[in-house]
Amino acid sequence: MREDIPEKYRQSDDWLDETGPDQHVVVSSRARLARNLSKIPFATHARKEELEEVAKIVQKTIKNLPTISLFNSIDLHEISALERRYLKESHIISAEMEKGDIHRIVYVRPDYRISIMVNEEDHLRIQGIVSGFRLSEVFQDILNIDMELMDTLPTAFSDQYGYLTACPTNLGTGLRVSVMLHLPGLALTRKIEDMVQMIQPSGVTVRGFYGENSEYFGDFFQISNEISLGKTEEEIVNLLLSVIRSIIEREEKARETLFLDRVASIEDTIWRAYGLLSQARLIDTQEAMKLLSRIRLGIDRGYFKTLDHARLSRLMIGIQPAHLEYHEKCDPDSEARDVSRAALLRNIFTMPGSTN
Amino acid sequence: MYIKPVVCMKCSKTLATVKITKIISGEVHEMHLCQDCASLISPYQKKMSNLQKDLNEILANLLKQEKGSVAAPAATEDPKEEKIDLVCSNCGFPFESYRKSFFLGCSDCYKVFHKYLMNDIRKIHGNVRHRGRVPQRFRKYVELKRNLDTLKRDLQEAVREENFERAAELRDLIRSLDAGDSKE
Numbered sequence: 001m002r003e004d005i006p007e008k009y010r011q012s013d014d015w016l017d018e019t020g021p022d023q024h025v026v027v028s029s030r031a032r033l034a035r036n037l038s039k040i041p042f043a044t045h046a047r048k049e050e051l052e053e054v055a056k057i058v059q060k061t062i063k064n065l066p067t068i069s070l071f072n073s074i075d076l077h078e079i080s081a082l083e084r085r086y087l088k089e090s091h092i093i094s095a096e097m098e099k100g101d102i103h104r105i106v107y108v109r110p111d112y113r114i115s116i117m118v119n120e121e122d123h124l125r126i127q128g129i130v131s132g133f134r135l136s137e138v139f140q141d142i143l144n145i146d147m148e149l150m151d152t153l154p155t156a157f158s159d160q161y162g163y164l165t166a167c168p169t170n171l172g173t174g175l176r177v178s179v180m181l182h183l184p185g186l187a188l189t190r191k192i193e194d195m196v197q198m199i200q201p202s203g204v205t206v207r208g209f210y211g212e213n214s215e216y217f218g219d220f221f222q223i224s225n226e227i228s229l230g231k232t233e234e235e236i237v238n239l240l241l242s243v244i245r246s247i248i249e250r251e252e253k254a255r256e257t258l259f260l261d262r263v264a265s266i267e268d269t270i271w272r273a274y275g276l277l278s279q280a281r282l283i284d285t286q287e288a289m290k291l292l293s294r295i296r297l298g299i300d301r302g303y304f305k306t307l308d309h310a311r312l313s314r315l316m317i318g319i320q321p322a323h324l325e326y327h328e329k330c331d332p333d334s335e336a337r338d339v340s341r342a343a344l345l346r347n348i349f350t351m352p353g354s355t356n
Numbered sequence: 001m002y003i004k005p006v007v008c009m010k011c012s013k014t015l016a017t018v019k020i021t022k023i024i025s026g027e028v029h030e031m032h033l034c035q036d037c038a039s040l041i042s043p044y045q046k047k048m049s050n051l052q053k054d055l056n057e058i059l060a061n062l063l064k065q066e067k068g069s070v071a072a073p074a075a076t077e078d079p080k081e082e083k084i085d086l087v088c089s090n091c092g093f094p095f096e097s098y099r100k101s102f103f104l105g106c107s108d109c110y111k112v113f114h115k116y117l118m119n120d121i122r123k124i125h126g127n128v129r130h131r132g133r134v135p136q137r138f139r140k141y142v143e144l145k146r147n148l149d150t151l152k153r154d155l156q157e158a159v160r161e162e163n164f165e166r167a168a169e170l171r172d173l174i175r176s177l178d179a180g181d182s183k184e
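In order, the protein sequences belong to chains A and B. Residues 1 to 356, numbered by the numbering used here, are exactly what the first sequence covers, in order. Residues 1 to 184, numbered by the numbering used here, are exactly what the second sequence covers, in order.
If you are wondering where the hints come from, they were derived from the structure by calculation, not from laboratory data. Everything hinted at is true.
To be clear about the criterion: a stretch of chain B counts as covered by chain A if any three or more of its residues have a C-beta under 8 Å from a C-beta of chain A, and this derived list gives those stretches:
1) 103-115
2) 134-140
Straight line, CA to CA, 25 Å or less: simulated SDA-like cross-link-like pairs of lysine to any residue:
3) 99(A) x 77(A)
4) 100(B) x 96(A)
5) 100(B) x 226(A)
6) 39(A) x 142(B)
7) 63(A) x 135(B)
8) 99(A) x 327(A)
9) 39(A) x 60(A)
Calculated from the model, a selection of chain B residues having no Cβ within reach of chain A, i.e. all distances over 12 Å:
10) 21
11) 36
12) 42
13) 50
14) 86
15) 153
Where is the CB? At the ideal position from N, CA and C, for every residue including glycine.
Construct all of the structure, not just a fragment, from the sequences and the given hints.
Below, the structure written as structure tokens:
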């Protein structure tokens, strides 16, 4: 199956294969730094020539850097819309970059865990992603890239506002750290609202699976810091660490309660999900995510011996539209995709030994 | 302990704040004077009087700066209020566009629109002072600035505690650093 992927994207989802701490609740940890070059208009308002200037300055600088010169560069204007969507589904680029406007470049570390987006809304967005609860590690990774890259560039900075960004919401550190959580316990016990109310005053935001403006589905939630100015980077990371730690505890408690008080009904929802996944002929992305969310809860309870969290995370990306089109070679209309998605899922969930 | 207020023995116009004790041929003379009259008699009081004026000035400046930074952007509090016809001198970005999109044009916009942005930034982040990492090129400068801020806070503290010797030391330090700052 994987032979069909073009060489350059072969490993774009490999970060999912590593197992990280607290994976029963934390799917992935991400961090990004927003950076700009002084004086040149921000990418949101720059003219073509100015965007080109930024792209050239960055390219020239990167060529001479020991680590970043080994990154692969992808010109998003040059590749197909399908390829862009594929990279977005893999969390390598943002929705803004998916548009594929001219002079939009992404530099990707060969293992796809770190990428540098050029001419997003800011001139540079350095971002990293790892599986599980490893915020400090992913933050340190992008900080190293930042030090190598930005110390050699004319960075837009003021002593009062810190790193200057296109939108004032990113001022200061330019740092956004976020964690993708799977919270079926809190969702099934109707405690998501409580959780959101509890954590919001501490300065964090809750979003859906694909970040800003994306919807909640399959009980996946993205939590990130709201404030980037006035705190040190370490304080921001520590805030997230403690908030997430408390959510993990709540989620674990909720799961305990569920499997004590409502074991028959919770087992029923998990096995019904399994039934649908192993038999259905048409499944859209949202339904698939919802069902896989139930399976993920089952994995945590040891119901599906041949599946693990990493495999399931990969599957959640694998059933996204562009991934299906790429891997399964299905037609780009939505019914063909739903057929292909159902077939892929049946193949996995009817495999001998996929249950105990 | 309560000290009864006394009028200056020399000018009889203002309250005496200084007590000067002179010992002339074994006899103790106590004089209750106002700061101005005292500085005419005693060289030490003259020095103190000047220092007090300096400190007042520095404190007034400090307060003015802080007040100014809070009060100035009142214009943005009511968005319907007057149109601001300001355009960035570096990139030509008009301030009115920021009000529509919440995006700025370039790094210089933050300088040009400074007083109109301050309130928004405070609303978003709850404060307006970066405390995080600093890029290599700015490190020396920011370190100096951050030192200055600490010294100014210490100075206010010293004045509040009427520790004038410490205050004078701090004043001189701030002046020398400020001079170095403006040279850069």
